[in-house]
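Undergrad: Given the coordinates of chain V, assemble chain F onto it according to the supplied hints.
One line per chain: the protein sequences are V and F, in this order. Reminder that position 84 of the first sequence reads as 84 in my numbering, one-by-one numbering, no gaps. Reminder that position 71 of the second sequence reads as 71 in my numbering, one-by-one numbering, no gaps.
Some hints could be false.
Unchecked claim - Residues of chain F clear of chain V, computed beta-carbon distances all greater than 12 Å: (1) LYS21; (2) TYR53; (3) MET64; (4) ALA104; (5) ASP155; (6) GLU173; (7) HIS176; (8) THR230; (9) GLN234.
Claimed, not checked - Covered stretches of chain F, as calculated for chain V (at least 3 residues, CB under 8 Å): (10) 142 to 152; (11) 181 to 193.
Bear in mind the hints are in silico, worked out from the structure with no lab data behind them. None of these values were measured; they are calculated from a predicted model. Heads up, the beta-carbon is just placed ideally off N, CA and C, and yes, glycines get one too.
Given next are the chains, with one letter for each unit.
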Amino acid sequence: MKYLIVIISILSMFFTQIVNVSAQNSIDQFEVQVDGLGCPFCAYGLEKKFKELKGIDEVVIEMETGVMTFSYPTDAMLTMETVENQVDAAGYTAVNVKVIRADGSEEFTKSIEAVEVSEDALVAETIEVQGNCGMCKARIEKAAKAVAGVTEADWNKKTKLLEVVFDSSLTSIGDIDSAVVMSGHDTQAGRADDNIYEALPGCCQYERVK
Amino acid sequence: MNSCNSVNNVIEFQSTIDLGKSTPIGMANMDGHVWVSDGDNNMLLHIDQNGQYINVYEDFDRPMHLSANDGKVYVPEYGKDQITILEPDSRSALMLSESLDAPASIDVTSRYIGIADFYNHRVLFFNGLDWVQVGAKGHNKGELYYPTDVQVLKDRIFVADAYNNRVQVYTHEGQHLLTIAEDDKLNAATGLYVTQMHLYVTDFENDRVLIYSHQGSLIQVLDENLSKPTDVLQVGNEIWISNYGSKSINRYAQYRIE
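Same shape as in the complex, but just chain V (with noise of 0.2 Å):
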């Protein structure tokens, strides 16, 4: 009887530390790299307001490096797209997505499709873009960066002025002021819709000319 509660409990041990394994794996691992982290208010509270979705667990930021890890669990199916999206949606710019499985697989975001551009065809622009901070920045160049064509964007914080580099064959300054603009950031062409702009964390929201 003895010998028999001593395999009872070395057993139970056994399956404990098998179920306590399965759960472990049942979380997935995100890691963001994320850009324009430059104001401490905007970025801590992103932090906070993270932390309060639903399932997310372990989030921290780590404002050196900009990465932001935070693990899921697996049976949500959280993808690598609805991640960017959110971060982007938080006020952050994603910039790379990365996740292993809790099965031990991995993925990456995809980057933005290299189109093949003619250097004959290259030239610079520069436009005005109403922005205040780091985390205005990685947003318009992103946006830039994100048309085709587009080889080089680089906003200055002090003068606003957004310079570009493009391909005319391919794009036009026209689309490239439509797409910052559509990132919720006005130009001297365009004014960015009342809801997205309203939607940027606090830092970002310059002083609109009415």
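TA: Structure of chain F alone, referenced to chain V:
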């Protein structure tokens, strides 16, 4: 207006304290020693008047603008929606009937308490008997948009109305008295400090600190040696300014000792 070449200058740059990897947000003075909150690294630094470390306290959740009073350090934990009271041998939470959403600052005096409640766009003020709400979300006079710092005087409350890019002044009853700095093109008024004669305002994104009279007249603009300034503090005869960007504290001599 620069910190030099003006007869009206209040302070003059002296030296810098390098904080290593620490990113200062708020500072408080107690018994001649300075407490500094390090938001990125979730800790408090306790340093002497020469910037030498006395101790480090860890395991805070995004500590912000601090206050020190009667042997206690009051720490707003932005990520935890709580004010933690740090004493030599213990930590406890300040009990409040209202819930906070990202407390960014606290000021505790022998009689009053002010708390900047960032995501609720308000300041909570304890007048010795009751809690009074000061301000509400908005952009008009008296309204607040993400307040990040507060200081309570015996007859007034000064609030850094961060993303309205100004400072607002209220009575203890919560009535709006004055708006300061709204024409000075601030880009996030993230911190303030009121001395006997002056109001210091940190202009975070523009790397400036502006010095006003209590009535709002601009006296001096500091625009050198600053990098994302977050707070100002009087330490003995000096004024200290914390730089989030360069992980340092600047020390300034005062022309007129207050």
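Undergrad: Could you let me know if the closest chain V CB is still more than 12 Å away from the CB of F/HIS176?
TA: holds (20 Å)
Undergrad: Checking a non-interface call: every C-beta of chain V should be farther than 12 Å from the C-beta of F/TYR53. Is that right?
TA: F/TYR53 clear of chain V: closest Cβ-Cβ about 20 Å, beyond 12 Å.
Undergrad: Was F/GLN234 rightly flagged as not at the interface, with every chain V Cβ beyond 12 Å?
TA: holds (23 Å)
Undergrad: Does the claim that F/GLU173 lies outside the interface with chain V hold up, using a Cβ gap greater than 12 Å?
TA: holds (27 Å)
Undergrad: The output says F/MET64 does not contact chain V. Does that hold with a beta carbon cutoff of 12 Å?
TA: violated (8 Å)
Undergrad: Minimum C-beta separation from F/ASP155 to chain V exceeding 12 Å: can you confirm that?
TA: At about 28 Å from chain V, F/ASP155 clears the 12 Å cut-off, so the statement holds.
Undergrad: Since F/ALA104 was said not to touch the interface, does its Cβ keep a gap of more than 12 Å from each Cβ of chain V?
TA: violated (7 Å)
Undergrad: Counting residues of the stretch 142 to 152 of chain F with a beta carbon closer than 8 Å to any beta carbon of chain V, are there 3 or more?
TA: Holds: 3 residues of the stretch 142 to 152 of chain F have a Cβ under 8 Å from chain V.
Undergrad: If we take the beta carbon of F/LYS21, is the closest beta carbon in chain V still more than 12 Å away?
TA: violated (8 Å)
Undergrad: How does the stretch 181 to 193 of chain F fare against chain V when you require at least three residues with a CB closer than 8 Å, holds or violated?
TA: holds (count 3)
Undergrad: Is it the case that F/THR230 keeps its Cβ farther than 12 Å from each residue Cβ in chain V?
TA: Non-interface label fails for F/THR230: nearest chain V Cβ at 8 Å, not farther than 12 Å.
Of the numbered hints listed earlier, those contradicted by the structure are 1, 3, 4, 8.
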